[in-house]
Amino acid sequence: GDSVTQMEGPVTLSEEAFLTINCTYTATGYPSLFWYVQYPGEGLQLLLKATKADDKGSNKGFEATYRKETTSFHLEKGSVQVSDSAVYFCALRDDYKLSFGAGTTVTVRA
Amino acid sequence: GAGVSQSPRYKVAKRGQDVALRCDPISGHVSLFWYQQALGQGPEFLTYFQNEAQLDKSGLPSDRFFAERPEGSVSTLKIQRTQQEDSAVYLCASAPSGRTDTQYFGPGTRLTVL
Numbered sequence: 001g002d003s004v005t006q007m008e009g010p011v012t013l014s015e016e017a018f019l020t021i022n023c024t025y026t027a028t029g030y031p032s033l034f035w036y037v038q039y040p041g042e043g044l045q046l047l048l049k050a051t052k053a054d055d056k057g058s059n060k061g062f063e064a065t066y067r068k069e070t071t072s073f074h075l076e077k078g079s080v081q082v083s084d085s086a087v088y089f090c091a092l093r094d095d096y097k098l099s100f101g102a103g104t105t106v107t108v109r110a
Numbered sequence: 001g002a003g004v005s006q007s008p009r010y011k012v013a014k015r016g017q018d019v020a021l022r023c024d025p026i027s028g029h030v031s032l033f034w035y036q037q038a039l040g041q042g043p044e045f046l047t048y049f050q051n052e053a054q055l056d057k058s059g060l061p062s063d064r065f066f067a068e069r070p071e072g073s074v075s076t077l078k079i080q081r082t083q084q085e086d087s088a089v090y091l092c093a094s095a096p097s098g099r100t101d102t103q104y105f106g107p108g109t110r111l112t113v114l
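Same order as they appear, the protein sequences are chains A and B. Number 82 in the numbering used here belongs to position 82 of the first sequence; there are no gaps in the numbering. Number 55 in the numbering used here belongs to position 55 of the second sequence; there are no gaps in the numbering.
Warning: the hint list may mix true and false statements.
[What the hints assert, rightly or not] Here are some of the chain B residues that sit facing chain A, going by a computed Cβ distance under 7 Å: (1) A38; (2) Q41; (3) G42.
[Claimed, not checked] Once the Cα atoms are required to be at most 25 Å apart in a straight line, the calculated BS3-like pairs of lysine-lysine come out as: (4) B:K57 with A:K97; (5) A:K97 with B:K78; (6) A:K68 with A:K49; (7) A:K56 with A:K68; (8) B:K78 with B:K14; (9) A:K97 with A:K68.
[As the list claims (entries may be wrong)] Derived Cβ-Cβ restraints for the label pairs, each shown as a range: (10) B:L39 with A:Q81: 40 to 50 Å; (11) A:E76 with B:T112: 20 to 30 Å; (12) A:E69 with B:S87: 38 to 48 Å; (13) B:P96 with A:S58: 20 to 30 Å; (14) A:T5 with B:R9: 27 to 37 Å; (15) A:K60 with B:R81: 38 to 48 Å; (16) A:T5 with B:D56: 16 to 26 Å; (17) A:R67 with B:K14: 20 to 30 Å; (18) A:T51 with B:V12: 20 to 30 Å; (19) A:K68 with B:T100: 17 to 27 Å; (20) A:L46 with B:V30: 16 to 26 Å; (21) B:K14 with A:T12: 22 to 32 Å.
Rather than coming from a laboratory, the hints here were simulated on the basis of the structure. Nothing here was measured: the structure is a model prediction, and the numbers come from that model. Ideal Cβ placement from N, Cα and C applies to all residues, glycine included.
Could you build all of it, start to finish, from the sequences and the hints given here?
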């Protein structure tokens with residue numbers, strides 16, 4: 001079945017550093033791709049999404065591009081802040097069903 | 001407006017007990033989903049409702065798991081004769097309508113089976 005593999009953590013960065021979290025997927029068709037974020041003590045929130053190849057999703061300074069040729073959807077942010085400390089999940093949607101990666105814990109130090 | 005709410009937020013059960021977890025979706029949302037998130041893992045799909053109809057229950061781990069949404073709004077996930085492997089966070093999500101809408105997640109219920 002469809003699945004997502006994302007970079008293992010934890011990742012620890014200093015404020016203003018560049019963040020990349022790798023995500024690759026396996027799917028028979030062309031699923032929609034998502035990044036969800038879970039801040040400490042809160043529920044899952046949609047961070048960004050892309051619905052077709054070459055689409056770029058962006059939000060709060062984060063970006064990810066749907067790359068069909070490499071089956072990837074890597075998350076990037078140019079300058080992280082302490083408030084970006086969270087667990088990040090890559091996911092794909094097959095029809096209505098979301099399939100998630102295992103999550104990457106990111107800690108940003110001041 | 002109000003988001004998805006779940007209750008209780010934490011539940012401790014002794015092995016063999018039955019538990020019921022409640023989800024209140026965003027008002028007017030047609031679609032409702034349940035996911036199970038084991039410690040250190042991503043959420044895994046359990047079941048999907050469209051209004052009161054349970055259209056997919058393929059992710060339910062065993063026949064001890066049962067979900068219902070009798071009036072097309074509030075949903076309950078019931079686990080009978082709980083086992084230690086049932087310990088996880090149970091997430092509920094809702095979506096406005098259709099299969100491709102963004103899913104909005106609740107805070108989850110953390111179930112610990114002793």
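Need the status of pair K57 of chain B, K97 of chain A: alpha-carbon distance at most 25 Å?
holds (11 Å)
Tell me if the beta carbons of E76 of chain A and T112 of chain B are separated by a distance inside 20 to 30 Å.
For T112 of chain B against E76 of chain A, whose Cβ atoms are near 37 Å apart, the range 20 to 30 Å is violated.
Restraint satisfaction for G42 of chain B [CB to CB of chain A, less than 7 Å]:
Cβ of G42 of chain B sits 3 Å from chain A, so the hint holds.
Range first: 38 to 48 Å. Now tell me if the beta carbons of K60 of chain A and R81 of chain B are that far apart.
holds (44 Å)
Assess, step by step, whether the Cα of K78 of chain B is no farther than 25 Å from the Cα of K14 of chain B, and give holds or violated.
Holds, because 15 Å separates the two Cα atoms, which is no more than 25 Å.
Does the structure keep K97 of chain A and K68 of chain A at a Cα separation of 25 Å or less?
Measuring from Cα to Cα gives roughly 20 Å; hence the hint holds.
Assess, step by step, whether the Cα of K68 of chain A is no farther than 25 Å from the Cα of K49 of chain A, and give holds or violated.
At roughly 15 Å apart (the allowed maximum being 25 Å), K49 of chain A and K68 of chain A satisfy the hint.
K56 of chain A and K68 of chain A were given as a pair; does the straight-line alpha-carbon distance stay at or below 25 Å?
holds (12 Å)
Taking 20 to 30 Å as the stated bounds, is the beta-carbon spacing between T51 of chain A and V12 of chain B within them?
violated (41 Å)
Return holds or violated for the Cβ distance of L46 of chain A and V30 of chain B against the range 16 to 26 Å.
holds (18 Å)
Chain A contact restraint on A38 of chain B - CB to CB distance below 7 Å
violated (10 Å)
So the hint says 20 to 30 Å: do the beta-carbon atoms of P96 of chain B and S58 of chain A match that?
holds (23 Å)
Checked against the numbered hints given earlier, the structure breaks hints 1, 10, 11, 17, 18 and 21 and satisfies all the rest.
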